[in-house]
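Based on the sequences and whatever the hints tell you, model everything.
First to last, the protein sequences are chains W and P. Under the working numbering, think of the first position of the first sequence as 5, with each following residue one higher. Under the working numbering, think of the first position of the second sequence as 5, with each following residue one higher.
A hint or two may mislead.
The list treats identical chains as one, so a pair stands whether inside a single copy or across any two.
Lysine-lysine pairs mimicking DSS-like chemistry, simulated, CA-CA at most 25 Å apart [to be verified]:
1) 80 - 153
2) 113 - 7
3) 25 - 153
4) 204 - 239
5) 204 - 170
6) 279 - 204
7) 244 - 257
8) 279 - 44
9) 113 - 31
10) 251 - 204
11) 140 - 204
12) 31 - 80
13) 31 - 44
14) 104 - 77
15) 251 - 239
16) 244 - 204
17) 44 - 26
18) 244 - 104
By construction, these hints were calculated from the structure, which means they are not laboratory data.
Protein chains: 2
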Amino acid sequence: MEKLVVIGLGLIGGSLALDLKKRGNYKVFGIDQNAEHIKKALALGVIDAEIDFNEITDASVVIIAVPVNIVPKLAKEILDCVSEDTLVFDVGSVKNEICKEIVNHPKRKNFVAAHPLAGTEFSGPEAAILNLFDDKVNIICEADKTDWKILDKAISLFKKLNMRIKMMHPEEHDRHIAYVSHLSHVSSFMLGKTVLEIEKNEQAIFDMASTGFASTVRLAKSSANTWTPIFLENKENIIKSLNEYIKNLNEFKEMIEQNDANGLNETMHGTNYIKNILNGIKQSN
Amino acid sequence: MEKLVVIGLGLIGGSLALDLKKRGNYKVFGIDQNAEHIKKALALGVIDAEIDFNEITDASVVIIAVPVNIVPKLAKEILDCVSEDTLVFDVGSVKNEICKEIVNHPKRKNFVAAHPLAGTEFSGPEAAILNLFDDKVNIICEADKTDWKILDKAISLFKKLNMRIKMMHPEEHDRHIAYVSHLSHVSSFMLGKTVLEIEKNEQAIFDMASTGFASTVRLAKSSANTWTPIFLENKENIIKSLNEYIKNLNEFKEMIEQNDANGLNETMHGTNYIKNILNGIKQSN
Numbered sequence: 005m006e007k008l009v010v011i012g013l014g015l016i017g018g019s020l021a022l023d024l025k026k027r028g029n030y031k032v033f034g035i036d037q038n039a040e041h042i043k044k045a046l047a048l049g050v051i052d053a054e055i056d057f058n059e060i061t062d063a064s065v066v067i068i069a070v071p072v073n074i075v076p077k078l079a080k081e082i083l084d085c086v087s088e089d090t091l092v093f094d095v096g097s098v099k100n101e102i103c104k105e106i107v108n109h110p111k112r113k114n115f116v117a118a119h120p121l122a123g124t125e126f127s128g129p130e131a132a133i134l135n136l137f138d139d140k141v142n143i144i145c146e147a148d149k150t151d152w153k154i155l156d157k158a159i160s161l162f163k164k165l166n167m168r169i170k171m172m173h174p175e176e177h178d179r180h181i182a183y184v185s186h187l188s189h190v191s192s193f194m195l196g197k198t199v200l201e202i203e204k205n206e207q208a209i210f211d212m213a214s215t216g217f218a219s220t221v222r223l224a225k226s227s228a229n230t231w232t233p234i235f236l237e238n239k240e241n242i243i244k245s246l247n248e249y250i251k252n253l254n255e256f257k258e259m260i261e262q263n264d265a266n267g268l269n270e271t272m273h274g275t276n277y278i279k280n281i282l283n284g285i286k287q288s289n
Numbered sequence: 005m006e007k008l009v010v011i012g013l014g015l016i017g018g019s020l021a022l023d024l025k026k027r028g029n030y031k032v033f034g035i036d037q038n039a040e041h042i043k044k045a046l047a048l049g050v051i052d053a054e055i056d057f058n059e060i061t062d063a064s065v066v067i068i069a070v071p072v073n074i075v076p077k078l079a080k081e082i083l084d085c086v087s088e089d090t091l092v093f094d095v096g097s098v099k100n101e102i103c104k105e106i107v108n109h110p111k112r113k114n115f116v117a118a119h120p121l122a123g124t125e126f127s128g129p130e131a132a133i134l135n136l137f138d139d140k141v142n143i144i145c146e147a148d149k150t151d152w153k154i155l156d157k158a159i160s161l162f163k164k165l166n167m168r169i170k171m172m173h174p175e176e177h178d179r180h181i182a183y184v185s186h187l188s189h190v191s192s193f194m195l196g197k198t199v200l201e202i203e204k205n206e207q208a209i210f211d212m213a214s215t216g217f218a219s220t221v222r223l224a225k226s227s228a229n230t231w232t233p234i235f236l237e238n239k240e241n242i243i244k245s246l247n248e249y250i251k252n253l254n255e256f257k258e259m260i261e262q263n264d265a266n267g268l269n270e271t272m273h274g275t276n277y278i279k280n281i282l283n284g285i286k287q288s289n
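Below is the structure:
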């Protein structure tokens, strides 16, 4: 059995642990600063056992699933001590910073900068679920900087999870993900905040949630500890996307103010095209 | 069998027709300006038969499920010609306008101003589905202006759909619904627009949609014809909610710009409270 270590037993780390325990020939060890997380992960069968950081040297795989601001420092510490054959990968939602930080590390070739595009709005080891990654995309950045044997090991592991692999430049990744994922999170958090501020009537919020609010505000349940460093680390792209978003909201508001029925109708009708992208491409894959 | 007429065979009208055909002792007739809708509704078994407007006089129930800007005029025309025992109700997402428009109609007592809080992002007769209204809330405005026998008939019908009834003042309804439902639609439409404008790479949108974008942008697939008049008819409330939303987005953006990790964390952590409202109240009901 191969020794697999997951550092950070939250939604993503926990779900990887759970699925790889089931699908791979791994003994899965966990590390988490939060003693409660270890306890829960053991109780829920998310990991086989706890392990100390100084025991990871001979691990076959080390997965870094901690908040993105901690990834670079931790990645270097791990690479400093693991074997020549160890695969180390992170799962962070921002990729440019980590790629830049470790580019000159002597063991850069043992590292895979990955971003499995999967998740839910829940957090902690109790959020870990099976099959989270099936049919999802896993983006790998600067794969050319990884040793081919290590990369092959990573790809075999991702295939066990039924993930589709896409290679992408880290800057390109961060730009795309700001618009498609990070902006969704900001818009949802602020929707939740606005409704909480204005609606003193909690029963009304609940009663009316079925009108689209519940799904649109879903991401506002996400972990503040996970998302604060993501927003700061992908700052420039997120601010650009937010400026565009706010501009569009203001323009739409003006159309309402001016009773511009045609403008509103055309804007919404044009935006309906998103349906084709989300359904159409799906069918062709 | 009672004669039930549905005017407007879209998502809501079609789903009401479908479910009442199955659960009630009704013969369900349909009226729609769009001949294609009638054809589809007949083919899909959404309605039993087409009917002409001048044949609705002896209907037991007439349901108005057309865009909100058309509701007042149509409601008056229907009330002008139906019998003393006919229940007429609308299902529009804005209630103040219709309540004001018909307050002095001699047959006001035959009318119920309703808003069943249910839906999907799809439209047309092909979007009609069974069980759409189960366990959802149906808001009735100015119920005191409806004859008690007619109101009883309406409530019996809504109970067949397993809906929970709430009484609400129309102004209060429009204020709540602007924040909880209409704002969600604007935020989602503008998210879709922003991503479409910036992301020329459709495959990237699709690949990354699983990161929260797909669910947050879901409402941007909604019908422009339905939503244009809603936004215009509930203009004041929506503009107020949009101003709050844009203010919150700008403040959040500033926190990112100023690397205010504490501010971001506290804001998101505070907003996580929406989880308690959406789950907590559910459990107590």
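Against the structure, the hints come out as follows:
1. 80 - 153: Only inside one copy: residue 80 and residue 153 sit 20 Å apart there, 76 Å across copies, limit 25 Å.
2. 113 - 7: Close inside one copy (19 Å), not across copies (75 Å); limit 25 Å.
3. 25 - 153: within (22 Å within a copy, 63 Å between copies)
4. 204 - 239: Only across copies: residue 204 and residue 239 sit 21 Å apart there, 33 Å inside one copy, limit 25 Å.
5. 204 - 170: Classified as between; 18 Å across copies, 46 Å inside a copy.
6. 279 - 204: Answer is between; shortest inter-copy Cα gap is 15 Å, intra-copy 35 Å.
7. 244 - 257: both (20 Å within a copy, 10 Å between copies)
8. 279 - 44: between (40 Å within a copy, 21 Å between copies)
9. 113 - 31: within (24 Å within a copy, 72 Å between copies)
10. 251 - 204: between (29 Å within a copy, 19 Å between copies)
11. 140 - 204: Answer is between: at 21 Å across copies they meet the 25 Å cutoff, but 39 Å inside does not.
12. 31 - 80: within (24 Å within a copy, 72 Å between copies)
13. 31 - 44: within (18 Å within a copy, 57 Å between copies)
14. 104 - 77: Within one copy, since 12 Å is at most 25 Å while 64 Å is not.
15. 251 - 239: both (18 Å within a copy, 19 Å between copies)
16. 244 - 204: This pair counts as between: shortest inter-copy Cα distance 16 Å, intra-copy 33 Å.
17. 44 - 26: For residue 44 and residue 26, the Cα distance is within 25 Å only inside one copy (18 Å; across copies 48 Å).
18. 244 - 104: within (22 Å within a copy, 44 Å between copies)
Consistency note: the structure conflicts with none of the earlier hints.
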